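Q: Residue numbers (this note's numbering), protein chains in the order written: chain A, 1 to 174; chain B, 1 to 152.
Hints listed in this document are in silico derivations from the structure and should not be mistaken for laboratory results. Only a predicted model underlies this, so the values are computations on that prediction, with no experimental measurement involved. It is possible that some hints are incorrect.
Said to hold, decoys possible - Which chain B residues face chain A? A few, computed with CB under 10 Å, are given here:
(1) Lys10
(2) Ser12
(3) Thr90
(4) Tyr121
All C-beta atoms in this analysis are idealised placements derived from N, C-alpha and C, irrespective of residue type, glycine included.
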Amino acid sequence: MNAELPFELLHSELVACMFAREQETSSTEEANANAGQDESFLETTNAATKLELLGYRVGYALVERIAKELPRISTELDCMKFICKEFWSAIFRKQVDNLRTNHQGVYVVMDNKFFLLVPLSAGQQYLTASPRYVAFSCGLIRGALANLNIQSVVTATVETMPAVKFNVHVQQKS
Amino acid sequence: MAICVAVIDKDSAPLLIECALSSSNADERKAEQLRLHFFVHCALDIVDEKLNPAASSLTSATRSTELRELYLGALIANEDYKAFGYATNTRVKFVLVVGAGNNVFKDQDVRAIFKRLHSAYCDAIANPFHAPGEFLASRALIDTARDVLVKS
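Build out the structure end to end from the sequences listed, making use of the hints.
A: This is how it looks when you write it as structure tokens:
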């Protein structure tokens with residue numbers, strides 16, 4: 001019985017729940033438009049953004065705990081290596097397969113068997129649904145980097161399930 | 001005797017400052033607390049210096065060995081207090097202030113204290129009701145800090 005099963009199940013439920021709520025609110029939006037109700041931020045943003053925000057908060061807290069025992073991380077490249085090895089192993093139970101950079105603040109993190117997509121399919125099936133399943137993990141990486149003092153924008157592309165490429169654009173401090 | 005424990009976040013904003021004040025008079029307590037806060041603030045300057053050494057002052061060899069550890073060692077001392085520092089990878093700083101004449105605290109003890117504080121801090125951060133940047137109100141962390149102050 002592997003220990004990451006609860007997280008996998010919770011994550012799929014979370015995605016399903018967020019998207020169901022989005023369907024609901026978009027159908028009630030026309031009804032409320034005339035009533036002029038005041039909707040809060042969380043009710044109007046779409047599900048992928050909400051998932052990313054959740055991932056951000058979780059990543060922010062997790063990275064403190066995971067980086068506790070390690071020696072000091074000094075450069076940005078060291079941060080990315082830490083994310084690819086220790087952080088990834090702690091959460092997704094494996095290390096990242098490839099890290100590429102153009103040394104100008106853009107990093108591509110490639111994982112050929114992303115554990116949250118493995119149970120979905122192993123080819124082209126459900127490819128259109130995959131973005132919603134990687135939104136949380138994008139937030140996770142962004143939150144972890146934010147706590148390590150690196151502001152970034154993280155997006156993900158999926159060409160073949162279950163391989164995922166995360167693109168990390170580090171915002172340069174101006 | 002440890003007098004003060006402080007947790008400061010990456011923007012140099014205080015997250016927790018616990019002091020063990022000796023006098024009972026309210027005004028004296030306030031004055032002593034203020035002195036301790038100022039002292040911690042001065043210690044922060046030294047922490048920043050250690051974390052970002054000027055490129056000209058150290059060769060790259062010494063710089064890399066000095067920065068591998070999270071524990072920063074003794075920071076500054078004046079006639080009343082002495083401070084020890086610890087900075088995590090997420091740039092959260094812990095400062096421990098002890099009495100100047102105090103020789104009871106060896107390096108190993110201080111390292112152990114910082115390890116405990118760091119663990120308690122990680123647990124406090126994981127609380128979903130805590131927003132990053134807010135003052136820490138975790139019972140467990142405050143108790144750990146008080147424990148350090150009282151035990152010594």
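Q: For every hint, state whether the structure bears it out.
A: These are the hints, each one checked on the structure:
1. Lys10: Constraint on Lys10 of chain B satisfied, holds at 6 Å.
2. Ser12: Interface hint status for Ser12 of chain B: violated (13 Å vs cutoff 10 Å).
3. Thr90: holds, 5 Å
4. Tyr121: holds, 7 Å
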